[in-house]
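Protein chains in written order, with the working numbering: chain A, 1 to 236; chain B, 237 to 568.
Hints were generated in silico from the structure; no laboratory data involved. Careful: at least some of the hints might be erroneous.
Covered by chain A, per the in silico footprint, the following chain B stretches (three or more residues, Cβ under 8 Å) [what the hints assert, rightly or not]:
# : segment
1 : 432-445
2 : 449-456
Reference excerpt, derived from the structure (chain B facing chain A, CB under 8 Å, subset only) [to be verified]:
# : residue
3 : Ala314
4 : Asp397
5 : Ile460
Note that beta-carbon positions come from the ideal geometry of N, C-alpha and C, so glycine has one too.
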Amino acid sequence: MALLEFEGVDAFYGRIQALRKVSISVEKGEVVALIGSNGAGKTTTLRTISGLMHPTNGTVMFDGRDITHTRPSRIVELGISQSPEGRRLFPRMSVVDNLFMGAYSRNDRPGIASDMERVFTLFPRLLERRTQIAGTLSGGEQQMLAMGRALMARPKVMMLDEPSLGLAPILIETIFSIVREINSQGTTVLLVEQNAHKALEVANRAYVLETGVIAQQGTGRDLLASEEVQKAYLGM
Amino acid sequence: MSLTDYGFYILCATAIVLLATQAFTNPKDFFQVTIFGLADGAIYALVALGYTMVYGIIELINFAHGDVFTLGAYIGAAILAFFAGANEGSFVVVNVIALLLVFPIVMLIMGGINITIERIAYRPLRNAPRLAPLITAIGMSFVLEGIMFMWHGAPTVHFPDLLPHGPGFQTTIGGVFFGFKDVFVVVAAAILVSLLAVFINGSKLGKAMRATAQDRDAAQLMGIDINRTIAATFFIGAVLAGAGGMIWGLYFNTIYYNLGFRTGLVAFTAAVFGGIGNIPGAAIGGLIIGLVAAYSDGYIGSKWTEVVIFGILIGVLVFRPTGLLGMRVPEK
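Pulled out of the complex, with its shape left as it was, chain A reads as follows (with noise of 0.2 Å):
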């Protein structure tokens, strides 16, 4: 069985249907993105997946239990963190207190040193920075931040949303070159984007979501010469 099933989902915003029968399934140690454009449920399936919302119909299992409907914190502690679209940082916090927050749920002293250490490793620019006011760092730290503080749970499931958003080109290598040697040192990663010729260069298998339903699926190199792809998402 997969480490994260996601099986015949719907969700709701109030009455408009966000996700209609959607089936992710995710294994150990894979990259899986999830492609689409804007509103077409990536995100409202990570938010589904955090707990942030419950699925009317359908089930949520990860690691062979059923989170369909568990709560929020319950699911970091099971293993699963996310660095939500947008960042969502704590913007009046210290680099380091960010950090820290997300290793809420552990209580594991020496191991949140380390996992520190690991970030810091990952992006030498929060070292520099680890004392300011994470309001003020540049997009492009704000993200390494919002993921570094998602590896801070140590995840065995890391959920990116959308990490290349806004971002220069330069910037954007250098994010996924980290979410692959993320994935390389052992975690697993589903990854949302939009930039979707990235995305599937570094995925195994890929989704492609279309207003709320699965309109494809498969390997990432697949996907990068499916002419309905290259026409919709990569403007072949």
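Assemble chain B onto chain A, guided by the hints.
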């Protein structure tokens, strides 16, 4: 800086110049009034902190907060009545022990009561339009006042006079009188505010409370149980308000069932003045509003004091809604 910012600074500067003139021409009166203002302001600060913390975390103006303050004084008076009597107003060991014991008891009771209020009155409305919990808070205010009214009726209630005063516990320096009570109020408030600052900035729960206030969804994604941090905020707000009620009682020795209405509004003004949601702002705002009230009592006339204070409230809301220490940090 905008034109209204300049207006704000000009107004502040004018007030300071006028007061400085008084300080030079009649220093004795000026410093006397200042001492009264600091004592009142210290109490306003303790109440204002609860307003600002609750607003910061769930954007609710908790109109029942002033009554939580009064209820603290009522419960404190009831417990202290056992120790009062012949010892009132003198310095005896029994009084010291009584106070050291009763302060934490009242603070914990008030914290528990406020958590219960949040649980039954505000939490069910957490995702309702913002007006709904606001109206509930006003209703809660009436409920608490009603309870105190039924308990002791409309007349004022005597609060046991357990702080020493009289010869030996007062002094005059340069013609300015101050007693042990004045010092006690300011020192007690300063200790409580310092403990709060250490807790908020240093402890894990304190940081989680700040995180919840800054971004509730993101806090949940960190694994923070926001029901817990919100309950903790109500608890701490009430602990400070309960202590404030005790301190008020010990200072003035007279309490009444709707004391929290005016005190609450003044403390709310202090919180807005300091920048609603801003914790140091509320402490400083409390002191400043206390001083303003005292100067108004002393130099303009006490019948104008409420006009002055609520004039400030309106002025701040219109011209500088972010308050004295308003947030200017970019959010994204």
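Evaluated hints:
Coverage of the segment 432-445 of chain B by chain A holds. Counting CB-CB distances below 8 Å, 3 residues qualify, and the rule asks for three or more. For a cut-off of 8 Å, the count of residues in the segment 449-456 of chain B with a CB near a CB of chain A stands at 6, and the three-residue condition holds. Below 8 Å, beta-carbon pairs count as interface contacts, and B:Ala314 has none with chain A, the closest being about 39 Å; its hint is therefore violated. Interface restraint check: B:Asp397 against chain A, minimum CB-CB distance 44 Å, threshold 8 Å, status violated.
With a cut of 8 Å, the hint placing B:Ile460 at the interface with chain A holds, because the nearest CB-to-CB distance is about 5 Å.
Violated hints, in rising order: 3 and 4; the structure is consistent with all others.
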